[in-house]
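Chains as they are written, first to last, in the numbering used here: chain A, 10 to 374; chain B, 10 to 374; chain C, 31 to 401; chain D, 31 to 401.
Don't read these hints as lab results, they were simulated from the structure.
Incorrect hints may have been included.
As the list claims (entries may be wrong) - Some but not every residue of chain B turned toward chain C, in silico, with C-beta under 8 Å:
1) Val177
2) Val185
3) Val245
4) Gln253
5) Val256
6) Asn259
7) Leu308
8) Ala361
9) Pro372
10) Ile373
As the list claims (entries may be wrong) - Below, simulated DSS-like cross-link-like pairs (lysine-lysine); rule was C-alpha separation at most 27 Å, straight line:
11) C:Lys140 - C:Lys263
12) D:Lys269 - D:Lys176
13) A:Lys197 - A:Lys44
14) B:Lys44 - B:Lys197
15) A:Lys252 - C:Lys211
16) D:Lys70 - B:Lys44
17) C:Lys269 - C:Lys140
18) B:Lys197 - D:Lys297
19) C:Lys211 - A:Lys249
20) C:Lys269 - A:Lys136
21) A:Lys44 - A:Lys136
22) D:Lys269 - D:Lys146
23) B:Lys136 - D:Lys211
24) A:Lys44 - C:Lys70
25) B:Lys252 - D:Lys263
26) C:Lys146 - A:Lys252
27) C:Lys140 - A:Lys252
28) D:Lys211 - B:Lys252
29) C:Lys211 - C:Lys146
30) D:Lys269 - B:Lys252
31) B:Lys249 - D:Lys211
32) C:Lys297 - C:Lys146
33) D:Lys263 - D:Lys146
34) D:Lys176 - D:Lys263
35) C:Lys297 - A:Lys197
Unchecked claim - Ranges of calculated distance between the beta carbons of each label pair, as one might list FRET restraints:
36) C:Lys146 - B:Val22: 49 to 55 Å
37) B:Val22 - D:Asn184: 45 to 51 Å
38) A:Glu17 - D:Asp162: 53 to 59 Å
39) C:Ala168 - B:Val22: 41 to 47 Å
40) B:Val22 - C:Trp99: 27 to 33 Å
Idealized CB from N, CA, C, for every residue including glycine.
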Amino acid sequence: MDFTIDAEQKALVKATRDLIGNVYDSSETRRAITKTDPGFAAWEQLAEMGLLSLPFEATPVETSLVAEELGRVIAPDPFVEAIVFAGGLVAAAGSAEQVEQLSESIADGSTLAIVAWAEPGSRWGTKASAVTFADGVLNGVKSPVVQAERADVLIVSAATADGTGLFVVRDGYELVTQRTLDGSRAAKVTFSNTPAEPLGVGGDKEAALALALDKARIAYAHEAVGSMQTCLETTVGYLKTRKQFGVPLNTFQALNFRAADMYVALELARSVITWATIVAAEETSTPEAIAAAASQAALQVSVAGRHIGQDAVQLHGGIAMTAEYSVGHHLARLTAIEHLIGDDAFHRARLAETMGDHGVLDPIG
Amino acid sequence: MDFTIDAEQKALVKATRDLIGNVYDSSETRRAITKTDPGFAAWEQLAEMGLLSLPFEATPVETSLVAEELGRVIAPDPFVEAIVFAGGLVAAAGSAEQVEQLSESIADGSTLAIVAWAEPGSRWGTKASAVTFADGVLNGVKSPVVQAERADVLIVSAATADGTGLFVVRDGYELVTQRTLDGSRAAKVTFSNTPAEPLGVGGDKEAALALALDKARIAYAHEAVGSMQTCLETTVGYLKTRKQFGVPLNTFQALNFRAADMYVALELARSVITWATIVAAEETSTPEAIAAAASQAALQVSVAGRHIGQDAVQLHGGIAMTAEYSVGHHLARLTAIEHLIGDDAFHRARLAETMGDHGVLDPIG
Amino acid sequence: MRLHLSAEDQAFREEMRTFFTTQVPQRIRDVVINQEELTKEVMVEAQQILNAAGLAVPAWPEEWGGRGWTQLQRHIWHEELQLAGVPEPLAFNASMVGPVIATFGSQEIKERFLPKTANIDIWWSQGFSEPDAGSDLASLRTTAIKDGDHYVVNGQKTWTTLGQYGDWIFMLVRTNPDAPKRQQGISFLLIDMTTPGLTVRPIELIDGGFEVNEVFFDNVRVPVENLVGEENKGWDYAKFLLGNERVGIARVGSTKRHLSEVKERAKELGVFDQFAERIVELENEVLALDLTALRVAANSNEGRPDPVSSVLKIKGSVLTQAVSELAVDVEGPDALTDHQSLAYLNYRKTSIYGGSNEIQRTIIAGTILGL
Amino acid sequence: MRLHLSAEDQAFREEMRTFFTTQVPQRIRDVVINQEELTKEVMVEAQQILNAAGLAVPAWPEEWGGRGWTQLQRHIWHEELQLAGVPEPLAFNASMVGPVIATFGSQEIKERFLPKTANIDIWWSQGFSEPDAGSDLASLRTTAIKDGDHYVVNGQKTWTTLGQYGDWIFMLVRTNPDAPKRQQGISFLLIDMTTPGLTVRPIELIDGGFEVNEVFFDNVRVPVENLVGEENKGWDYAKFLLGNERVGIARVGSTKRHLSEVKERAKELGVFDQFAERIVELENEVLALDLTALRVAANSNEGRPDPVSSVLKIKGSVLTQAVSELAVDVEGPDALTDHQSLAYLNYRKTSIYGGSNEIQRTIIAGTILGL
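Full structure from sequences and hints, please.
Structure representation (structure tokens):
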């Protein structure tokens, strides 16, 4: 059991932090960028740094470290969506030819790949039914699909005679794009006899989709840790400097205690989420073990994320309600992450299915 | 809609408070009394004051007012158990002869009647199965039965060919008595060919039992309100007088805020529980309406009782853990009440059954 | 104790319910029910419908449009209005500046302002909070220095809700900077927002909407006859006003309506059973709030706000937020682009404004518990 | 980052698990598992079994029975011991007075006390808290005035856990009442509890048990050689001791075991599905506590306690209580007479003792967050 990271990983963290902190040097910069299309600005630099090639060459540890850094400034670049999730899915399920074809253009930033898996009303289920594949074309609707408008390639899950298949689509679909609550974009994607190429050899790919999604959940959870960390730091800084009634806010014990409780929640969440990455990175881990770890991590995101995000706003007061200030955007992003990866009820129910199988839960057994 | 009580009811409250405050003049007196059999000491005086005749002549308003006063000092006398519940059940379901026969001796305190309805593992269900009635005798087990050892008459629910019947039993059963967590006693009662007389005309009495139980739940909830009120008052008093670090505890904002939250919880609980009594007292209320009101009240007991009881202990610190001090006993009694009337999960599930039938919940409609 | 409303109050409730659901167009109420943005035009239209029927400012003195209702009737009026989705009369007019003028203003100032205030011919804004004075209102620094028959106002106000629509603004200003205590030397001044030197800057909120504003004052000249009551007594008027504000803030009717809408939505989405326990719990808490508001209203002495109103403020805001959180969860993944999510973000304000919940806890601990 | 234990630590864990589950009799462990009352005899028997195997005081210096383990190994030892239901070595001996004597005592006092302390031939009691000094330890008033080669001790201690079994008591006493600061002038003194003038009064707790005591000192004469370290330096030793106390207080292994027992019980009673979501949530929180304890142990520098131990104390106590509350709810109506209810009442102490959770929040806000 070892939670430490090595020198190379430390360097990765530092380089990512420097790069991303430079692009999003303030909450106002980030806000201005999200108001123009496509709503993110660090993509080329992330590519130059080699971070977009991670799904093809590195372990979940590296992707999680990068995601956590992006989370600190809630960088709107779709790193987890396009690289960890879509890139990871291509790497895991694509044919050798597809991997070769896509990996280079994903890694250099020229191709943005997005997984279109969610279906209206499906509540995080991975079994496809709203889009069907037959005779080489797709028909149906996917929603919400984050950053679909900017996507060069969609990886679409669809019902086939053999189960849930995965398909590469480059064109021939319609989009209705909406702003998301965290300043990003998501679309309803409608396929009408859209030509599609199977990812990999065909057949039922639901297990591959679910595993890639679980790994993405863990990376999202690290984004959330980074965001929660910023919420806490910002709140502590505000309590120290902001004066009310002629004294700094940290004169008020009740406020300090709530900051202390935020710290407790953050450290506990960090432990579980980091452990989940370690489980995902371990070669001997089964998909079931990774799914369980992803759900444990997601549950922490939900419970700690609401607690920390809401209290960061409350302890700031009115200023936190303004778009000019940072913590409200963190609350929005934490809320969005939770609804991307599944909320507490979803993950509790998923964990409940196997909870009776063990007595004591042994995280390092 | 009127929450006020009239002059006569106010006099009842004052007389009860004087009487009970005299018998249980301190937490130590109460503790000493619970250590000797039968564990309560105000029964004769309650009888002399006429309070034990309430189920035969007054409305739930009066019994709730008395219960709340008993709750303030957590008087261990089984007023709700014997008078509201057993007395109320006799009054509602007994034959004219039985009512006549029992009402006088219940009212003068010479007969202690107790309802033996709970069954091992039944979790607050009112359909009897662990005890059966046939050929004039009862067989089976009831548990827990509060104050069974002191009881002169048991009203026993039992499975019959017609459903759940109710039976009067005076003798011929065996008891295994245990101390309860709140200093009272409860027994496992075993019936072996025990002669029993049907209460009323026979037939399925589950509805009558359930209604009497729901009315008892509301009275118990008032006991809980009285106890929560004392928890708050005692805690506030302690915060004002106890010094730590050279200053009174109410110098510490975080503690005061928690006392404020206790107050919020208490006032909200008081509203629902008082309303439940008003529903029960209203002649036009259906059993379904009383059941719903009882569950709403019980839910407040569970949620507010745990919050207030636990925080009263925490805000006191170590002293509250000692048997010499009062608030620990209040926490114990609040816990016991909740497990007598059904916990939060039970009442949530019960309310969930009908919750979809209305849009907006209108408490005075 | 009595369960039902008296026959009189029952009839009153029916009358309110009928009026709100038949005389206020569905088109207007749907804006509220669907949590869409209320435009100025719609709010004015709604309030003028109410005012024409004598239902806009029932708590005012009767000679200025009040109705002499009991507290319970006012509660019923308010709850039915919210249940029906009728936009509330603009609080700055109906609950804030109106009662202050009616209580403390001269006859001349009453005649000049109250009818237009009730009919929202003047849209009032509130100029209380300042950038360095959030919960600590008394530390305000905007000055009004007398210069002949004018005050010259300099400074900045913030959190001015819907100030972008404002015709006039009622202000707390410091008229005596040398007063020994911070609460002294404050006056209550009315300012025409078209006066030169006054600038409004809308502030974007985290839900993308524009609700609050900064208002800047650069040598704004205000006739002395726009002072309400006595000079340097403004803090007393402000406390009176804030007490009124807290009473209506529990939002019981709105929260009940929202919860019932979420129930319907959960049924539509097929997740009613999954959320049943949480809905039951919230319904129980909303019931407690509803009954406590009724208890306070029914028992309250006329006039002064009950300190228990702090309970209503705390629990009311927490439940507004909890129901909006439930609404987001019921939506599931679609919450990403759903207006329920924006409402969730927006409603974080309810535990901050109108005296934050920390301020309310301080009131309860101090005023009620004596801590 | 690495998921599994190293081969060495894995073997270590197996060794511990095997020892605890085979060398400590089931009869003893069942007392812990069934939450029955541990008698003095059983606790002594268990500790002597451990001590004979070198497993009673592994954190001590090696010359006095310590094992030179890493923090992670100590964590594994502690968790496996709790998981197996082995009674813990008496904290007053193993975690409190032993380390203080070993670190600050003279060679003579080490030789005199450490072997007997490890083998529980002396049962130590703790004399820190006083009636008017709960969380505010430094305000203690018990005095020890030098009279020739003795200290004369007068005063009262309270919350002395298991003091009714005590052979000796380690005390904080005020040796210099005139010291300028309260923390100065305090000394660390060892007292034979059979000394004339010393009286122990057990205090009944709300669960009916007797765990804590008052200890009265009426001119108790204590030889000066029973002083540990330097006179008037006791506060430093106490801080060292309290830091050690907090580390073990998370009760991770015990809580994990209790939760798994409650799961089994819920299955027996047929209510597993009904409680499933709550169990899942608690299991998630216990996992977080477990992993945080591992993270602290694995990353910790030898010696000084990590301030994050306050996180473990807060969450550890809250989860101990939450699992005991779940256990009561799983029992249902039978909880009225069930020992789980008494454990629930008893465990309210865990957020109070060892530095209340309010004290821990103060430490986090101050030491970690700099507030």
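Practice task
With a cut-off of 27 Å on the C-alpha distance, tell me whether B:Lys136 and D:Lys211 pass.
Solution key: violated, 69 Å
Problem - Hint consistency between D:Lys263 and D:Lys146 [alpha-carbon to alpha-carbon, up to 27 Å] - result: holds, 25 Å
Practice task
For the hint on B:Val177, just tell me whether its beta-carbon gets within less than 8 Å of chain C.
Solution key: violated, 33 Å
Practice task
Using Cβ atoms only, decide whether B:Val245 comes closer than 8 Å to chain C, and label the hint accordingly.
Solution key: holds, 5 Å
Handout entry: Cβ distance range 45 to 51 Å for B:Val22 and D:Asn184, holds or violated
Key = Roughly 49 Å apart at Cβ, these two residues keep to the hinted range, so it holds.
Practice task
Against chain C, run the beta carbon of B:Gln253 and see if the smallest gap drops under 8 Å.
Solution key: violated, 15 Å
Problem - Given pair status - A:Lys249, C:Lys211, alpha carbons within 27 Å - result: Holds, because 26 Å separates the two Cα atoms, which is no more than 27 Å.
Exercise for the section: For the pair supplied as a hint, C:Lys140 and A:Lys252, confirm whether the alpha-carbon distance does not exceed 27 Å. Expected result: violated, 38 Å
Handout entry: Hint status (Cβ of B:Ile373 to nearest Cβ of chain C, threshold 8 Å)
Key = holds, 6 Å
Practice task
Given the hint that C:Lys297 pairs with C:Lys146, test it: the Cα-Cα distance must not exceed 27 Å.
Solution key: violated, 45 Å
Handout entry: Pairwise hint evaluation, B:Lys252 against D:Lys269, where the allowed Cα distance is 27 Å at most
Key = At roughly 22 Å apart (the allowed maximum being 27 Å), B:Lys252 and D:Lys269 satisfy the hint.
Practice task
Take a quick look at whether C:Lys211 and C:Lys146 sit within 27 Å of each other, Cα to Cα.
Solution key: Violated: C:Lys211 and C:Lys146 sit about 35 Å apart, past 27 Å.
Of the numbered hints listed earlier, those contradicted by the structure are 1, 2, 4, 5, 20, 21, 23, 26, 27, 29 and 32.
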